[in-house]
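**Student:** Taken in order, the sequence shown gives residues 20 to 282; the numbers are from our numbering.
By construction, these hints were calculated from the structure, which means they are not laboratory data.
All values reported here derive from a predicted model rather than from experimental measurement.
Treat the hints with caution; some may be incorrect.
What the hints assert, rightly or not - Distance condition first, Cα-Cα at most 20 Å in a straight line; then the derived EDC-like pairs of lysine to aspartate or glutamate:
1) Lys144 to Asp109
2) Lys98 to Asp42
3) Lys162 to Asp143
4) Lys167 to Asp136
5) Lys78 to Glu106
6) Lys78 to Asp42
7) Lys74 to Glu102
8) Lys78 to Asp109
9) Lys74 to Asp85
10) Lys98 to Asp143
11) Lys98 to Asp109
12) Lys144 to Glu102
13) Lys133 to Glu159
14) Lys133 to Asp160
15) Lys119 to Asp143
16) Lys119 to Asp149
17) Lys162 to Asp149
18) Lys99 to Asp136
19) Lys111 to Asp42
As the list claims (entries may be wrong) - Derived CB-CB ranges, DEER-like:
20) Arg47 to Lys111: 21 to 29 Å
21) Gln39 to Asn128: 42 to 50 Å
22) Glu159 to Gln94: 21 to 29 Å
23) Lys99 to Phe50: 31 to 39 Å
24) Ile141 to Asp33: 16 to 24 Å
25) Lys98 to Asp160: 16 to 24 Å
26) Tyr84 to Thr169: 24 to 32 Å
27) Asp160 to Tyr38: 41 to 49 Å
28) Asn170 to Tyr84: 20 to 28 Å
29) Asn108 to Thr129: 23 to 31 Å
30) Gly34 to Asn158: 43 to 51 Å
31) Glu72 to Ser96: 19 to 27 Å
32) Ser127 to Asp85: 19 to 27 Å
33) Asn69 to Lys111: 16 to 24 Å
C-beta atoms are modelled at their ideal positions from N, C-alpha and C, and glycine is treated no differently.
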Amino acid sequence: MKIFTNLITPFKEDGIIDYQAVDVLIKRLAFQKNHCFIIGSFTGEGMLLNPIELKHLIKYICYHYDLEIYVYILQESTKKAIEQINELNDIKGLTGYIVKVPSMARYSNTSIYKHIDLISVITDKKIIIDFYHRNILENEDVKILLQKHTNICGLITEQDFDSSIITKKYIHDKNVLKIHHSYDGIISDLSNIDYQSVSLLNDSEVNSDYFNLLVKYFYRDNISSSLKYILSKKGYINYRLRLPLVKIDDKLEKQLNKLMEKY
20 MKIFTNLITP
30 FKEDGIIDYQ
40 AVDVLIKRLA
50 FQKNHCFIIG
60 SFTGEGMLLN
70 PIELKHLIKY
80 ICYHYDLEIY
90 VYILQESTKK
100 AIEQINELND
110 IKGLTGYIVK
120 VPSMARYSNT
130 SIYKHIDLIS
140 VITDKKIIID
150 FYHRNILENE
160 DVKILLQKHT
170 NICGLITEQD
180 FDSSIITKKY
190 IHDKNVLKIH
200 HSYDGIISDL
210 SNIDYQSVSL
220 LNDSEVNSDY
230 FNLLVKYFYR
240 DNISSSLKYI
250 LSKKGYINYR
260 LRLPLVKIDD
270 KLEKQLNKLM
280 EKY
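Kindly generate the complete structure, drawing on both the sequences and the hints.
**Tutor:** Here it is as structure tokens:
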């Protein structure tokens, strides 16, 4: 089972991307045999990058590393999503896109189908569809899309589909709490911390939340951490900040230890 990592974006003190830190982070994760990354998702501050920054970051990573790179398309407007994909389509080495299905409840089954259908036509790169929990296509429509567009390689959904309908299935388990062997993959924020530790969760039952997992895996190898992103999932801090990715100093480590004793 593949683990797809929402790649965190290190920044310098002045708010620009720290490419040296990007290299350190990717090399460490690749050394741990983590080769599947998502850029521009809800975590990792990728959603804060302007179009020029995002494209430059993607081109940089694709040029320097032989990895499986997906770009998360957050645009819910079909027109804007197509414009963003057209801007990125010429990047060599880019694997594909994760396309977000519009979250507005008013979207009909037909509208969602057209959204995915039109986007799938404009690119030969792979597409993974991220379904919103209230906006799930009918099984027959999913089957038609998969037959029509061979570049649709997976689905992110909390719904159970018959295996004869979906050839490959990616499950986005936000808390990495329920990992089932029937899934083809998960998307993890925690693998920024320690990919090998997260991969071990495939064979174990985990009954804890993000914060407990952070306590268990955070200090291993004394690595630069994605602490602020993980804590943002719990509502402790605002992850929409272009802050540097730095190692924890002794003073802060003591403060964190006191905080973690409560959990």
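**Student:** If a hint holds in the structure, say so; if it doesn't, say that too.
**Tutor:** Hints, verified against the model:
1. The straight-line distance between the Cα atoms of Lys144 and Asp109 is roughly 10 Å, inside the 20 Å bound, and the hint therefore holds.
2. For the hint linking Lys98 to Asp42, the alpha-carbon distance of about 34 Å lies beyond 20 Å, and the restraint is violated.
3. As the CA atoms of Lys162 and Asp143 are separated by approximately 19 Å, the hinted pair is consistent with the 20 Å bound.
4. Under the criterion of a C-alpha separation no larger than 20 Å, the hint pairing Lys167 with Asp136 is consistent with the structure, at around 9 Å.
5. A distance of roughly 12 Å separates the Cα atoms of Lys78 and Glu106; the hinted pair therefore holds under the 20 Å criterion.
6. For the proposed pair Lys78 and Asp42, the alpha carbon gap of about 13 Å is at most 20 Å, so the pair holds.
7. Restraint check for Lys74 and Glu102: the C-alpha separation of about 13 Å stays at or below 20 Å, so the hint holds.
8. Simply put, Lys78 and Asp109 have alpha-carbon atoms about 10 Å apart, close enough for the 20 Å limit, and the pair holds.
9. The hinted pair formed by Lys74 and Asp85 meets the criterion: a straight-line CA distance of about 17 Å does not exceed 20 Å.
10. For the suggested pair Lys98 and Asp143, the alpha carbons sit about 18 Å apart, so the restraint of at most 20 Å is met.
11. Under the criterion of a C-alpha separation no larger than 20 Å, the hint pairing Lys98 with Asp109 is consistent with the structure, at around 18 Å.
12. About 15 Å separates the Cα atoms of Lys144 and Glu102, which keeps this hinted pair within 20 Å; it holds.
13. As the CA atoms of Lys133 and Glu159 are separated by approximately 14 Å, the hinted pair is consistent with the 20 Å bound.
14. For a cut-off of 20 Å, the pair hint linking Lys133 to Asp160 stands: about 10 Å separates their Cα positions.
15. Taking the CA atoms of Lys119 and Asp143, the gap is about 18 Å. The hint holds against a cut of 20 Å.
16. A C-alpha spacing of about 5 Å is found between Lys119 and Asp149, which places the hinted pair at or below 20 Å, so the restraint holds.
17. Between the alpha carbons of Lys162 and Asp149 the distance comes to roughly 15 Å, so the proposed pair stays at or under 20 Å and holds.
18. For the suggested pair Lys99 and Asp136, the alpha carbons sit about 15 Å apart, so the restraint of at most 20 Å is met.
19. Annotation: proposed proximity of Lys111 to Asp42 holds, straight-line Cα distance about 19 Å (limit 20 Å).
20. Checked against the given bound of 21 to 29 Å, the beta carbons of Arg47 and Lys111, roughly 24 Å apart, stay inside it.
21. The beta-carbon spacing between Gln39 and Asn128, approximately 47 Å, falls within the hinted interval of 42 to 50 Å.
22. Checked against the hint of 21 to 29 Å, the pair Glu159 and Gln94 passes, with Cβ atoms roughly 27 Å apart.
23. As the Cβ distance of Lys99 to Phe50 is approximately 37 Å, the hint placing it in 31 to 39 Å holds.
24. Evaluation of the 16 to 24 Å hint for Ile141 and Asp33 yields a failure: the beta carbon distance comes to about 36 Å.
25. For the pair Lys98 and Asp160, the beta carbons lie near 21 Å from each other, so the given range of 16 to 24 Å is met.
26. Distance hint check for Tyr84 and Thr169: the Cβ-Cβ separation is about 26 Å, which falls inside the suggested range of 24 to 32 Å.
27. As the Cβ distance of Asp160 to Tyr38 is approximately 42 Å, the hint placing it in 41 to 49 Å holds.
28. Here the CB-CB span from Asn170 to Tyr84 is close to 22 Å, well matched to the stated 20 to 28 Å.
29. Between Asn108 and Thr129, the C-beta spacing of about 26 Å keeps the proposed range 23 to 31 Å intact.
30. At roughly 46 Å, the beta carbons of Gly34 and Asn158 sit within the given window of 43 to 51 Å.
31. One distance hint, 19 to 27 Å for the beta-carbon pair Glu72 and Ser96, holds here, with the actual separation near 21 Å.
32. Between Ser127 and Asp85 the beta carbon distance is about 41 Å. The supplied range of 19 to 27 Å is therefore violated.
33. For Asn69 and Lys111, the hinted distance range of 16 to 24 Å is satisfied, since their beta carbons lie about 22 Å from each other.
Hint violations for this structure: numbers 2, 24 and 32, all remaining hints satisfied.
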